[in-house]
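K.L.:
Listed below, chain by chain, are the residues.
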Amino acid sequence: FRFKDSLAEDVRRADLVISHAGAGSCLETLEEGKPLVVVINEKLMDNHQLELAKRLHKGGHVFCCNCSTLVETLQSMDLSTLKPFSPGQPEKFALFLDNVFGFQ
Amino acid sequence: TGGHTTEILRLLSCLSESYSPRHYVFADSDKMSEAKICSFEQKRAETFSNSQFTLDRIPRSREVRQSWMSSVGTTLYSLLYSLPLTYRLKPDLILCNGPGTCVPVCIAALLLGLLRIKRAVIVYVESICRVETLSLSGKILYYLSDYFIVQWPELKEKYPRSVYLGRIV
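Residue numbers (the working numbering), protein chains in the order written: chain R, 1 to 104; chain P, 1001 to 1169.
Hint data in this document are derived by calculation from the structure and do not stem from the laboratory.
There's no promise every hint is true.
[What the hints assert, rightly or not] Taking lysine-lysine and the DSS-like style, the derived pairs with C-alpha atoms no more than 25 Å apart in a straight line are:
id : chain 1 : residue 1 : chain 2 : residue 2
1  : P       : Lys1139   : P       : Lys1156
2  : P       : Lys1118   : P       : Lys1090
3  : P       : Lys1036   : R       : Lys92
4  : R       : Lys43     : R       : Lys54
5  : R       : Lys34     : R       : Lys58
6  : R       : Lys34     : R       : Lys4
7  : R       : Lys58     : P       : Lys1156
8  : R       : Lys43     : R       : Lys83
9  : R       : Lys92     : P       : Lys1156
10 : R       : Lys92     : P       : Lys1043
11 : R       : Lys54     : P       : Lys1158
12 : R       : Lys92     : P       : Lys1031
13 : R       : Lys83     : R       : Lys34
14 : P       : Lys1139   : R       : Lys54
15 : P       : Lys1158   : P       : Lys1139
16 : P       : Lys1139   : R       : Lys4
17 : P       : Lys1043   : R       : Lys4
18 : R       : Lys58     : R       : Lys43
19 : P       : Lys1031   : P       : Lys1043
20 : P       : Lys1031   : R       : Lys58
21 : R       : Lys54     : P       : Lys1156
22 : P       : Lys1036   : R       : Lys83
23 : R       : Lys83     : R       : Lys54
24 : P       : Lys1158   : R       : Lys92
25 : P       : Lys1031   : R       : Lys4
26 : R       : Lys54     : R       : Lys34
This one's a predicted model, so the numbers in the text were calculated from it and none came from an experiment.
Working from the sequences, and respecting the hints, build out all of it.
P.N.:
See below:
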């Protein structure tokens, strides 16, 4: 398919996700607990888009590669080495704001 | 826009009804945010009976990678819209997370504060995508906001005036 409103269903049914380094794609996949291989195309991307992908890679949450090393990565990767990605905690933000305004 | 809207709705997800009514301001060129916001507020109304919100559009301040010089021009144009809007809404709190749209709104709020018409608390939350560097909006609002929140420790180290709460979206 070319374009869907939401990939959530597809991600849930997948065993492995291979994606570009867009933040939404990466985070959606990690939150579903699916293994993720991020393909980076430095020529096409903003420098800042890389920041999150690199950080996720450094934290051991995703595998990274570029177009030419994708096949090699898929062949040699060990999914059991991936570290789980804990969800964000918006409740901490709520607590912070409540403190600012003096709400209980 | 897009990712920013998703992030800000997550930020709102745990807020109590003390933060009401909610006024959403977004770019006129944004086609998808309205649906996301309405969906979020509809769900919210299931839990909180008196939930209120409004939607307002302002001209987009800056396109991605737009040049510096023309960005100043388009931001000033957006400011022409933001001033009367902010004056009408007189918010107690402005919560923003990075799209260029937020800059003119915050500038308008600061002006209203200087003129002693209404003082808003400005809380800026930098996107989770920003690990090592701040967005342009972030760089502008780092000194202008009351609370500047970052989501990675690397940024807290570089910007000591910021608040680090961990990942919150």
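K.L.:
For every hint, state whether the structure bears it out.
P.N.:
For each hint, the structure was consulted:
no., hint, result
1, P:Lys1139 - P:Lys1156, "holds (13 Å)"
2, P:Lys1118 - P:Lys1090, "holds (6 Å)"
3, P:Lys1036 - R:Lys92, "holds (23 Å)"
4, R:Lys43 - R:Lys54, "holds (16 Å)"
5, R:Lys34 - R:Lys58, "holds (17 Å)"
6, R:Lys34 - R:Lys4, "holds (20 Å)"
7, R:Lys58 - P:Lys1156, "holds (18 Å)"
8, R:Lys43 - R:Lys83, "violated (28 Å)"
9, R:Lys92 - P:Lys1156, "holds (16 Å)"
10, R:Lys92 - P:Lys1043, "holds (21 Å)"
11, R:Lys54 - P:Lys1158, "holds (18 Å)"
12, R:Lys92 - P:Lys1031, "violated (30 Å)"
13, R:Lys83 - R:Lys34, "holds (11 Å)"
14, P:Lys1139 - R:Lys54, "holds (22 Å)"
15, P:Lys1158 - P:Lys1139, "holds (12 Å)"
16, P:Lys1139 - R:Lys4, "violated (34 Å)"
17, P:Lys1043 - R:Lys4, "holds (23 Å)"
18, R:Lys58 - R:Lys43, "holds (21 Å)"
19, P:Lys1031 - P:Lys1043, "holds (20 Å)"
20, P:Lys1031 - R:Lys58, "violated (35 Å)"
21, R:Lys54 - P:Lys1156, "holds (18 Å)"
22, P:Lys1036 - R:Lys83, "violated (31 Å)"
23, R:Lys83 - R:Lys54, "holds (15 Å)"
24, P:Lys1158 - R:Lys92, "holds (22 Å)"
25, P:Lys1031 - R:Lys4, "holds (15 Å)"
26, R:Lys54 - R:Lys34, "holds (18 Å)"
Hint compliance for this structure: hints 8, 12, 16, 20, 22 are not met, and every other hint is.
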